[in-house]
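Chains as they are written, first to last, in the working numbering: chain A, 1 to 273; chain B, 1 to 346.
Treat the hints as calculated values from the structure; they're not laboratory data.
Do not take every clue at face value.
[What the hints assert, rightly or not] With a cut-off of at most 30 Å between alpha-carbon atoms, the simulated DSSO-like pairs for lysine-lysine come out as follows:
1) B:LYS308 to A:LYS24
2) A:LYS254 to B:LYS246
3) B:LYS308 to A:LYS266
4) B:LYS239 to B:LYS219
5) B:LYS343 to A:LYS266
6) A:LYS61 to A:LYS173
7) A:LYS266 to B:LYS246
8) A:LYS254 to B:LYS315
9) A:LYS264 to B:LYS239
10) B:LYS214 to A:LYS173
11) A:LYS266 to A:LYS248
12) A:LYS248 to A:LYS39
13) B:LYS74 to A:LYS264
14) B:LYS308 to A:LYS242
15) B:LYS214 to A:LYS166
16) A:LYS24 to B:LYS346
17) B:LYS214 to A:LYS63
18) A:LYS254 to B:LYS219
19) B:LYS346 to A:LYS264
20) A:LYS216 to A:LYS59
21) A:LYS254 to B:LYS214
22) B:LYS346 to A:LYS266
23) B:LYS343 to A:LYS264
24) A:LYS254 to A:LYS39
25) A:LYS166 to B:LYS239
26) B:LYS315 to B:LYS345
27) A:LYS264 to B:LYS308
28) A:LYS59 to B:LYS308
29) B:LYS246 to A:LYS264
30) A:LYS242 to A:LYS76
31) A:LYS264 to B:LYS214
32) A:LYS125 to A:LYS224
33) B:LYS345 to A:LYS266
34) B:LYS214 to A:LYS24
35) B:LYS214 to A:LYS266
36) A:LYS63 to A:LYS248
37) B:LYS346 to A:LYS254
38) B:LYS315 to A:LYS248
39) A:LYS166 to B:LYS219
40) A:LYS39 to B:LYS73
Every value quoted in this text rests on a predicted model; they were computed, and no experiment measured them.
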Amino acid sequence: MKPSAKRLLNILVPVKRSVDYAVKIRVNPEQTGIDTNVKHSMNPFDEIAVEEAVRLREKLKEKVTSIKAITIGPPKSIETLRTALAMGADSAIHVEVPEPGPSPEPLAVAKTLRAIIERQNSAAKSPADKIDLVILGKQAIDDDLGVTGQMLAGLLGWSQATFASKLEVDTEKGEAFVVREIDGGGEELRCRLPLVVTTDLRLNEPRYASLPNIMKAKKKPIEKLSPADLGVDYTPQLETLKVAEPPKRVGGGKVANVDELIAKLKEAGIEAA
Amino acid sequence: MLRTSSTFCRRAFVRSYATATSPHALVFLEHRGGVIDSGSLSALTAAEQLGGQVSALIVGSSDHVPGVVDKVKKLKGVTSVLHSTSPQYAEPVPEILSPLFESILSDSTFTHVVSATSSSAKSLLPRVSARLDAPTISDVTSLEHDASSGSTTFTRPIYAGNAISTVRAPSGIPIKFFTVRGTAFAPAADADSTAEATAVDPVEVADPVTVHLKTTIAKSDRPDLGVASRVISGGRALKNAETFEKTLYPLADVLGAAVGASRAAVDAGYADNSLQVGQTGKVVAPELYMALGISGAIQHLAGMKDSKLIVAVNKDPDAPIFQVADVGLVADLFDVVPELTEKLKK
Numbered sequence: 001m002k003p004s005a006k007r008l009l010n011i012l013v014p015v016k017r018s019v020d021y022a023v024k025i026r027v028n029p030e031q032t033g034i035d036t037n038v039k040h041s042m043n044p045f046d047e048i049a050v051e052e053a054v055r056l057r058e059k060l061k062e063k064v065t066s067i068k069a070i071t072i073g074p075p076k077s078i079e080t081l082r083t084a085l086a087m088g089a090d091s092a093i094h095v096e097v098p099e100p101g102p103s104p105e106p107l108a109v110a111k112t113l114r115a116i117i118e119r120q121n122s123a124a125k126s127p128a129d130k131i132d133l134v135i136l137g138k139q140a141i142d143d144d145l146g147v148t149g150q151m152l153a154g155l156l157g158w159s160q161a162t163f164a165s166k167l168e169v170d171t172e173k174g175e176a177f178v179v180r181e182i183d184g185g186g187e188e189l190r191c192r193l194p195l196v197v198t199t200d201l202r203l204n205e206p207r208y209a210s211l212p213n214i215m216k217a218k219k220k221p222i223e224k225l226s227p228a229d230l231g232v233d234y235t236p237q238l239e240t241l242k243v244a245e246p247p248k249r250v251g252g253g254k255v256a257n258v259d260e261l262i263a264k265l266k267e268a269g270i271e272a273a
Numbered sequence: 001m002l003r004t005s006s007t008f009c010r011r012a013f014v015r016s017y018a019t020a021t022s023p024h025a026l027v028f029l030e031h032r033g034g035v036i037d038s039g040s041l042s043a044l045t046a047a048e049q050l051g052g053q054v055s056a057l058i059v060g061s062s063d064h065v066p067g068v069v070d071k072v073k074k075l076k077g078v079t080s081v082l083h084s085t086s087p088q089y090a091e092p093v094p095e096i097l098s099p100l101f102e103s104i105l106s107d108s109t110f111t112h113v114v115s116a117t118s119s120s121a122k123s124l125l126p127r128v129s130a131r132l133d134a135p136t137i138s139d140v141t142s143l144e145h146d147a148s149s150g151s152t153t154f155t156r157p158i159y160a161g162n163a164i165s166t167v168r169a170p171s172g173i174p175i176k177f178f179t180v181r182g183t184a185f186a187p188a189a190d191a192d193s194t195a196e197a198t199a200v201d202p203v204e205v206a207d208p209v210t211v212h213l214k215t216t217i218a219k220s221d222r223p224d225l226g227v228a229s230r231v232i233s234g235g236r237a238l239k240n241a242e243t244f245e246k247t248l249y250p251l252a253d254v255l256g257a258a259v260g261a262s263r264a265a266v267d268a269g270y271a272d273n274s275l276q277v278g279q280t281g282k283v284v285a286p287e288l289y290m291a292l293g294i295s296g297a298i299q300h301l302a303g304m305k306d307s308k309l310i311v312a313v314n315k316d317p318d319a320p321i322f323q324v325a326d327v328g329l330v331a332d333l334f335d336v337v338p339e340l341t342e343k344l345k346k
């Protein structure tokens, strides 16, 4: 049977530039945020999202028509898009927000993504050009909110598969089989496309971009848009009153042997159950 | 120009005053097979701290809901219980539950929607909140509601717990959605009172876009990691799954502790994913947290540094875990753990 145009996949991968996961962050003296003059990189969960999109193409070949990365952030976020392109995305969109400024809230990000998807899907000449799969990280490691994917699925009325540790897409049937990480174990779902997936750490092991691919990525197209182009208001709904250091824990020193350790446990009222 | 703006200001002021109603929280109360999740009990306590009415919402299949309703009616702080039963609600599929929430919230006095920071609520609440054009504030550790202005102030950890953010949801957000970090609030206890229960018609979803196929729960006789008062955790140093089990489980049994693991141990296959403690796993705050062969990366510390007593055993005297440990022992865990287990037995 000749594959019909319907059975092609366009994947959108939103990525975020965040403080590198290995950086020990410091709260600024004004207590308005953290010192951001540190190493940044792609949010680790988003790397997994890009990797998954690229692996889907490796598996489904030409059935994956396009992989588009998108970021909403300050001018420097373009580096994050280049990383995504070097990993295997075809093109990218940069919705630029001024720096310094509050980073857009998840709901505004979800609305931006919806606007991008609706823009592309209403302009699509055939269903083959429509975005039908969005893969996001399950949370950004800076705000640790973990809500954007669910919000996007809600706004679009699409199916959602959060905390995915396994994803199999059947383009013929237009559905996906997903294994999710849940409290205490796992869960298997069958989701109909179009679908929003959020990645768990266990979904895959992201690749390193090779030097030739980094060079090639420089030639891949990045479209620049402003929030106004998409009609999204980035005024925060929440007011951040303060960002503070957590209460400091002081190490209590070391003991020399097991007996001293047991004595310390007893002191704290801990004995065999 | 000036006049218009001052009229506008006054009107906005008057309006915010007029709309500041007494808080009424809807708590998404979770249960598995009729057993109430302890995180939900903490969410009830958090909801009670808003200072108004607290309605618990229980959804599920007809097998379990009646029993859960009976238990929840008697919990402290609960002023009413809503329940909705449908075969479709047997598993918490967000695409199926979202319309029910929208229906309940569309015509009501609810000012807050609250849940535990559980995997199912984390999937559901943001979906519903986006449909109502409201944010979801995740993993709240404390809160304060100002009844006169209708604003609620929350604190929550950011950057893997390395900073604490205080945010205010102003009165302009009519329904405030938030999830609650279980270890930061005591679970609601039983009370003498009995709240009234009301059945809510389910909102059937014809031809749902997502179908639940199967749930696999890792079985364990030990206390649940999220709520255990003692946790024994192992890291990469445990070598393999067999050694992990052989070394840690006897000690855990002696102490009546739950077993946890670092991401390294989980990734290497020594322990099940559900045992992972950290930023991307479970957040625990037990009386005793024993970190064995765990170096103490920030992502791991994010999940356990609110524990009351932290004990670390590590061969490396410079391991970062010693900076947070109350009691540290620089030694080979393969010597220490058996000795400790034996001596504790006595």
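Now the hints, each set against the structure:
A threshold of 30 Å between alpha carbons decides the hint, and for B:LYS308 with A:LYS24 the separation of about 23 Å falls inside it, so the pair holds. Taken as a hint, the A:LYS254 and B:LYS246 pair is honoured in the structure, with Cα atoms around 26 Å apart against an allowance of 30 Å. With a C-alpha separation of about 14 Å, the suggested pair B:LYS308 and A:LYS266 falls inside the 30 Å cut-off, and the hint holds. Only pairs whose Cα atoms come within 30 Å are accepted, and B:LYS239 paired with B:LYS219 is accepted, the gap being roughly 23 Å.
At most 30 Å may separate the alpha-carbon atoms for a hinted pair to count; B:LYS343 and A:LYS266 meet this at roughly 12 Å. This hinted pair checks out: A:LYS61 and A:LYS173 have alpha carbons roughly 17 Å apart, not beyond 30 Å. Among the hinted pairs, A:LYS266 with B:LYS246 is consistent with the structure: their alpha-carbon atoms are about 25 Å apart, no more than 30 Å. A threshold of 30 Å between alpha carbons decides the hint, and for A:LYS254 with B:LYS315 the separation of about 12 Å falls inside it, so the pair holds.
For the suggested pair A:LYS264 and B:LYS239, the alpha carbons sit about 28 Å apart, so the restraint of at most 30 Å is met. Straight-line distance between C-alpha atoms of B:LYS214 and A:LYS173 comes to about 20 Å, which keeps the hinted pair within the 30 Å bound. A distance of roughly 24 Å separates the Cα atoms of A:LYS266 and A:LYS248; the hinted pair therefore holds under the 30 Å criterion. Pair hint A:LYS248 plus A:LYS39 holds up; C-alpha atoms about 24 Å apart against a cutoff of 30 Å.
For the hint linking B:LYS74 to A:LYS264, the alpha-carbon distance of about 40 Å lies beyond 30 Å, and the restraint is violated. Taking the CA atoms of B:LYS308 and A:LYS242, the gap is about 26 Å. The hint holds against a cut of 30 Å. With a CA separation close to 14 Å, the supplied pair B:LYS214 and A:LYS166 stays within the 30 Å bound. Distance restraint check for A:LYS24 and B:LYS346: the Cα-Cα separation of roughly 43 Å exceeds the 30 Å cut-off, and the hinted pair is therefore not satisfied.
With a C-alpha separation of about 28 Å, the suggested pair B:LYS214 and A:LYS63 falls inside the 30 Å cut-off, and the hint holds. Restraint check for A:LYS254 and B:LYS219: not satisfied, since their Cα atoms lie roughly 36 Å apart, outside the 30 Å limit. Distance check on the hinted pair: B:LYS346 and A:LYS264 sit about 16 Å apart at the alpha-carbon level, within 30 Å; holds. Our distance criterion of 30 Å between C-alpha atoms is met by A:LYS216 and A:LYS59, whose separation comes to about 22 Å.
Only pairs whose Cα atoms come within 30 Å are accepted, and A:LYS254 paired with B:LYS214 is rejected, the gap being roughly 47 Å. For the hint linking B:LYS346 to A:LYS266, the alpha-carbon distance of about 13 Å falls within 30 Å, and the restraint holds. With a C-alpha separation of about 13 Å, the suggested pairing of B:LYS343 with A:LYS264 holds against the 30 Å cut-off. With a C-alpha separation of about 33 Å, the suggested pairing of A:LYS254 with A:LYS39 is violated against the 30 Å cut-off.
Pair hint A:LYS166 plus B:LYS239 holds up; C-alpha atoms about 26 Å apart against a cutoff of 30 Å. Among the hinted pairs, B:LYS315 with B:LYS345 is consistent with the structure: their alpha-carbon atoms are about 24 Å apart, no more than 30 Å. Of the pairs offered as hints, the one joining A:LYS264 and B:LYS308 holds, with about 13 Å between alpha carbons and a cut-off of 30 Å not exceeded. For a cut-off of 30 Å, the pair hint linking A:LYS59 to B:LYS308 is broken: about 48 Å separates their Cα positions.
At most 30 Å may separate the alpha-carbon atoms for a hinted pair to count; B:LYS246 and A:LYS264 meet this at roughly 25 Å. Using a Cα cut-off of 30 Å, the hinted pair A:LYS242 and A:LYS76 holds, with the two alpha carbons roughly 25 Å apart. Between A:LYS264 and B:LYS214 the alpha-carbon distance is near 45 Å, which puts this suggested pair outside the 30 Å criterion. Distance hint between A:LYS125 and A:LYS224 is fulfilled; the C-alpha atoms sit about 23 Å from each other, no more than 30 Å.
Our distance criterion of 30 Å between C-alpha atoms is met by B:LYS345 and A:LYS266, whose separation comes to about 13 Å. Among the hinted pairs, B:LYS214 with A:LYS24 is inconsistent with the structure: their alpha-carbon atoms are about 40 Å apart, more than 30 Å. Proposed proximity of B:LYS214 and A:LYS266 is contradicted: the alpha carbons are some 45 Å apart, above 30 Å. Among the hinted pairs, A:LYS63 with A:LYS248 is inconsistent with the structure: their alpha-carbon atoms are about 53 Å apart, more than 30 Å.
Our distance criterion of 30 Å between C-alpha atoms is met by B:LYS346 and A:LYS254, whose separation comes to about 24 Å. As the CA atoms of B:LYS315 and A:LYS248 are separated by approximately 24 Å, the hinted pair is consistent with the 30 Å bound. Taken as a hint, the A:LYS166 and B:LYS219 pair is honoured in the structure, with Cα atoms around 21 Å apart against an allowance of 30 Å. Annotation: proposed proximity of A:LYS39 to B:LYS73 is violated, straight-line Cα distance about 52 Å (limit 30 Å).
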